[in-house]
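J.: Heads up: the sequence lines are chains Z and W, in that order. Sequential numbering from -8 applies to the first sequence in the numbering used here. Sequential numbering from 6 applies to the second sequence in the numbering used here.
Quick caveat, the hints were computed from the structure, so don't treat them as lab data. Take these hints with a grain of salt, some might be off.
As the list claims (entries may be wrong) - Cβ pair distances, simulated, as ranges:
| no. | chain 1 | residue 1 | chain 2 | residue 2 | range |
| --- | --- | --- | --- | --- | --- |
| 1 | Z | Asn108 | W | Asn92 | 51 to 57 Å |
| 2 | W | Glu131 | Z | Glu66 | 38 to 44 Å |
| 3 | Z | Glu0 | W | Asn92 | 23 to 29 Å |
As the list claims (entries may be wrong) - Selected chain Z positions facing chain W (in silico; Cβ < 10 Å):
| no. | residue |
| --- | --- |
| 4 | Ser51 |
| 5 | Ala52 |
| 6 | Pro78 |
| 7 | Phe89 |
| 8 | Ile103 |
| 9 | Ser107 |
Keep in mind that this is a model prediction, so the values were computed, not measured. Just so you know, even glycine gets a beta-carbon here, dropped at the ideal spot from N, CA and C.
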Amino acid sequence: MNESKFTIEHHSIGDIKCLKIQGYLDAHTAPQLESAIGNLVQEGKHKIIVNFSELDYISSAGLGVFMVYIEDVRELGGDIKLSEMKPKVFTVFDLLGFPMLFEIVENNHAAIAKFSN
Amino acid sequence: MVAILNTHNNQISASGSTAELEKIREFVGAQALLFGFQEVDAFQIALAVDEACSNLIRHSYHNDNNRQFVVKIEQNNGELIIQVMDNGDSFNPMSVPEPDMEEYFKKFKRGGLGVQIMRKVMDKIEYLPAQTSTALNILSLTKRLA
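Work out the full structure: start from the sequences and follow the hints.
T.: Structure (structure tokens):
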């Protein structure tokens, strides 16, 4: 079976964890991201940046991953901040009003600054 | 400008696996561009079809990749019509009520957004359940070229 075009790179910036996601985030690949964020939350990491700079596609299955963990991380004083989204990917978030709930910022520096505040 | 779609190459078949979604999106997106839609519209039309097929694969075919469905594209008077045809249990996605998104976010709800994306993107959605045990259910998603 062909592997889908989706990868996750992990980085740490102090106590902040950054997941750089690449490719297509759909019903096929969303479980990979759900597992990656779930592992961070289990390890007690609740300041998370998801960098979208190389993500070319997201469907509702991808949006749903963020809904799974946002309440938990915020209760622990953290957040999942979304950065560097391509305009076409942002349109999917915007269609359903996700910017009401999620902080979507220009780049990782802005996300780190938001955590510092 | 409305291009004439290649009627010999206007449909693909797929199995009940989410691994098939990428090829479905590529097919639908390319056909929408050929029809004359801007890139962002073609992207969103492919998204709406992805949502329809994801729901079908998960809820009706239960990720059984031995089962097949067809995605077919037609045109009519400046409208692009994408039909998803399957032989699973009939289910009209339009029977799913529209969520109140403020409430959805306030209660951190999960799931159920695919149909809402289809509604937001497409101009018309129709569902024709199979009338006999050998017939196919047909979900038609229509987008007008502005």
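J.: Just pull the numbers of the violated hints for me, sorted ascending.
T.: Violated hints: 3, 8, 9; rest satisfied.
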